[in-house]
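Undergrad: Single-letter residue listing:
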Amino acid sequence: MRLSFIRPISCCAVSSSPSTSFKPQTPLFLRPPTFKTTLSDLKKWHLWAKSLASSVSSTFLKLDNGPNSELLLRELNWLIEDTIETPKSFFQETINPVSTRVCLDELYNLWKQRVEKRRPFQYIVGCEHWRDLVLSVEEGVLIPRPETELIVDLVDDVIKENEELKEGLWADLGTGSGALAIGIARVLGSDGRVIATDLSPVATAVASYNVQRYDLEEKVHVKQGSWFEPLRDDEGEFVGLVSNPPYIPSKEIGGLQAEVGRHEPRLALDGGESGMNDLIHLCDGAVSMLKPGGFFAFETNGDEQSKFLVHYIETKKQGNFSKVKMVSDFAGIKRFITGFRGR
Amino acid sequence: MEGMVQSSVPQYSKPFHSLPRNPTSVPIPRIKATHRRIPQLTSHSFLPSISSPLPSSMLLQKGGTVPFATPEVGVSNTETREWAMQDFYTLRKDVETVVERVEEIRGGAGLKQLQEDLAALEAAAADSSLWDNRAKAQETLQALTDCKDKLMLLHDFKAQADDAETIIKLTEEMDSIDSALLQEASGIIKELNKALDRFELTQLLSGPYDKEAAVITITAGAGGTDAQDWADMLLRMYVRWGEKQRYKTKVVEKSVGEEAGIKSATIEIEGRYAYGYLSGEKGTHRIVRQSPFNSKGLRQTSFSGVEVMPLLPEDSLDVEIPEEDLDISFTRAGGKGGQNVNKVETAVRITHIPTGVAVRCTEERSQLANKIKALSRLKAKLLVIAEEQRASEIKQIRGDAVKAEWGQQIRNYVFHPYKLVKDVRTAYETSDITSVMDGELDPFIKAYLKHKYTLAAKPTGLT
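Keeping their order, the protein sequence lines are chains V and P.
Okay, so the first sequence: first residue is 1 according to UniProt numbering, each after it adds one.
Okay, so the second sequence: first residue is 1 according to UniProt numbering, each after it adds one.
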């Protein structure tokens, strides 16, 4: 049995300022356009990249539900958007030479990695567009998914009618890139705060970088450590808890889409045998962490897990929570469980 | 609730610029039509340059300098061009036609009413209480300017027609032909006809959203590759049309077909009156041809749907749609979703449940951004439909009627066995299918606008 990272063992020092040893990468679109490439060379690259994308057809789709040519071509356009200083004039061929943020060799290299190595597009460009944010991401950090965007809406809905929740202390457990913490911090009131935790030093470094880029250092504190460990000082003080914990059953990791299974951190995906080790741990811990009336929203692997967890809370945590329910994502999958700490 | 507002408005952080220190203060880009082409409808810009001493006094009645938009037509070819009697008769005929046309337009424009309006507006503008209500004052002044401009134009049309007529009469009285004079008359009517065309078209474009930019969505009908290829041909046609109008034309979304063509595409066309011109293009376009994808070359009929909506500025989308009336779905193709999948599928589809009106948005990189854009497109669509159905509220829209109207077959493009493009509504047709596919849509657009204008005029005429 592999070493479990999911137990709330405090194996890492709890620190309020994340490790400084790791320096996050700058996303491509934020790099200076210091390279010059002739229009014809760049067009040659574009043609090559397009045909590489087209050659994929639906191979990956059939193989592991990966991207087809159509999606790859969309990504290629976005790669151009992020790396060429004036993408429009490139397409209209009105400028020569073209200023780029990476050199031509690197462009070849990046696209090769994308198609041949199935390296996720977001790691290629170093960012993910999520809600109205552009978040820096890199290897070692889970790429935030569109489904998770909904948690911010769920939070927004509950704080609309509740001043205490709006101005209180929140926690994002296993923050990864910091997406949820940042999204929530931006809807909270002026006194609202978020503590974001993650076991991975890479994640905390990237999350801190994102927090800083959105100028939210005052509102979001990133702490390194396992789940509730870094939050002990504020036990019972939280008005809200959110998390997108690892929830994929261990045995399914191998069959995942290559972009996910081969490149994203297992730490952020693998939820143990049933996939629910961490979710159960979160439900257990929420009782003592939340203030009476406090809100929680957790993402799950979908219908089955959500049903199990609602049942678990209703039977094992009887009386501790109220209004526990499942919420569907836009694809109709019961993706989230939400509820309130009983008064 | 400051925070909330920020969260619900996308900042579309531009990937190629560094984020500013405080990203919450990123200005929100509005969907705004820029680079608008302004039709030259005011005062004298279309007047030809006049070199002959005779008619100039009649033309330059309002004083001031005349911006000569055209080169010196009057004198340019005087020496080289010899006027034969035949040419003179043709010219005389042209002048007669243009004089009639001017009379017709002046009659149709309601000159008397305009003059009364002008008097009333001038009185209102002179009123001392004018600026008590700032918004109303500006409205009045704008109306006054519009009214004056229109009267001035109508006056200019008459003045020019008179000039041309005078030249013809003079020539008839003289023994010899004065080439310079005739050349001038020829120039006058050429420019006058252009100005009249423009005037007429603008008169037809008086809908509340006609001046706005437009969004065209093309969707291939059933029938696989043939239909998808047809959708691609239509896409090219509209892009070419947009470019010819010198509108800013941008294909914002394109979903390519498996073998050839496209499944769907969205074009944004920015420019003054883009929506007004294009609004009549919505409906089903039908092609008949020998299938290039069938080895037997059988005759094949395919369809593609075209939808046109105005691209309205965010602040004009003053429509509240209750959340429960919206069915929002997004394409995360099958499977388990969540952490299991990493695909850039952020497309959002919103259906307005009471009417069944649906829109899709796939071009943005995040789901929220697509949702916001889709919602504003939906609002624009509902506004347009409400206006078409003369409904004062979204609630009153009849969903069944929308489906029937927006899906109606409007035009046939026959490539085989003969060549013909024919509009089902106006019966306007041409056999020059190549030009049409090259974006030569103006005759169709004009015919439709006239057709629509006549239809609209009928009920009011009866009451």
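Among these hints, one or two may not hold up.
DSSO-like, lysine-lysine: derived pairs with alpha carbons at most 27 Å apart [said to hold, decoys possible]:
| no. | chain 1 | residue 1 | chain 2 | residue 2 |
| --- | --- | --- | --- | --- |
| 1 | V | K44 | P | K446 |
| 2 | P | K254 | V | K62 |
| 3 | V | K307 | P | K112 |
| 4 | P | K244 | P | K93 |
| 5 | P | K169 | P | K93 |
Chain P stretches covered by chain V per the calculated footprint, using a threshold of three residues with CB under 8 Å from any CB of chain V [claimed, not checked]:
| no. | region |
| --- | --- |
| 6 | 115-128 |
| 7 | 279-290 |
| 8 | 340-348 |
Since the hints were derived computationally from the structure, they do not count as laboratory data.
Note that CB positions come from ideal geometry on N, CA and C, so glycine has one too.
Undergrad: Holds or violated: K169 (chain P) with K93 (chain P), Cα cutoff 27 Å?
TA: holds, 12 Å
Undergrad: Within a Cα-Cα threshold of 27 Å, do K307 (chain V) and K112 (chain P) meet the stated pairing?
TA: violated, 76 Å
Undergrad: Check, residue by residue, whether the region 340-348 of chain P contains three or more positions whose beta-carbon lies closer than 8 Å to a beta-carbon of chain V, and give the verdict.
TA: With 8 residues in contact (Cβ-Cβ under 8 Å with chain V), the coverage given for the region 340-348 of chain P holds.
Undergrad: Below or equal to 27 Å on CA atoms is what counts here, so check K44 (chain V) against K446 (chain P).
TA: Violated, at about 43 Å.
Undergrad: Examine the region 279-290 of chain P for residues whose CB is less than 8 Å from any CB of chain V, and state whether their number is three or more.
TA: Our answer is that it is violated, as 0 residues pass the Cβ test (under 8 Å) against chain V, missing three.
Undergrad: Has the given pair, K254 (chain P) with K62 (chain V), been kept, meaning a C-alpha gap of at most 27 Å?
TA: Roughly 23 Å separates the two Cα atoms, so the pair holds.
Undergrad: Take the C-alpha atoms of K244 (chain P) and K93 (chain P), compute the straight-line distance between them, and say whether it is at most 27 Å.
TA: violated, 31 Å
Undergrad: Residue count check for the region 115-128 of chain P against chain V: does it reach three with CB-CB under 8 Å?
TA: Not satisfied, violated; 0 residues make the cut.
Against the hints set out earlier in the document, violations occur for numbers 1, 3, 4, 6, 7.
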